[in-house]
Amino acid sequence: MIEIPSDLHKDLVPLAFLLGNWAGAGVHDFPGSEKCNFGQEVSFSHDGRDFLEYHSYTWVLDENGNKVRPLESEHGFWRIDAGRKVEVTMTRDDGVIEIWYGEMADKKPQIDLVTDAVARTAGSGPYSGGKRLYGYVKSDLMWVGEKQTPEVALRPYMSAQLKKVVTPEDVERWAKALPDDLPDDGIAFFK
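For the sequence shown, counting from 1, position 89 maps to 89 in full-length UniProt numbering; every step adds exactly one.
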């Protein structure tokens, strides 16, 4: 279910499908790095201004699905204009700062992004750009990232499927929003 908060900046309505906390797992595979499964938590929030705030934390999973160690962390800000052009500024824990541009697909919750600018600290690894695709598919947030370095051509390196994290406050809010005229037995509701 996609909810549009009443205090969401009007320009951000097309991005409302991203809002909330998400958790799931994915695969990481890039030459020179450890191939692994990873866990991920993502948060998209807003404070009424014209951007979404984004946080992502990933960690390596062992063969039993247990956390082993941190993998990557990102923090950023997402904006969209009237023409459905999306811009993202992002800082990553490895010393990389990126500016991404892209657009939202027509008539579906899908965003394609490409790096426009990359800045790296002296201690960060080689990186020269990337592409990302985010989509809302059957109530899940799915994404795939592509990466390139001076030595490796652009190629997929991470992808994940994330489920919306439901809090007790969400359940209470949804319960209060139910109509008062639901049938007592509940069965008639589904007929």
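Incorrect hints may have been included.
[What the hints assert, rightly or not] Dumping the calculated SDA-like pairs for lysine to any residue here, alpha-carbon to alpha-carbon at most 20 angstroms:
#1 K85 x G145
#2 K131 x T91
#3 K163 x V96
#4 K131 x V96
#5 K108 x L19
I should point out that these hints are in silico values taken from the structure, not numbers from a laboratory.
Hints and how they fare:
1. K85 x G145: holds, 19 angstroms
2. K131 x T91: holds, 15 angstroms
3. K163 x V96: Roughly 27 angstroms between the alpha carbons, so the hint for K163 and V96 is violated.
4. K131 x V96: holds, 15 angstroms
5. K108 x L19: Holds. K108 to L19 sits at ~16 angstroms (cutoff 20 angstroms).
When held up to the earlier numbered hints, the structure conflicts with hint 3 and nothing else.
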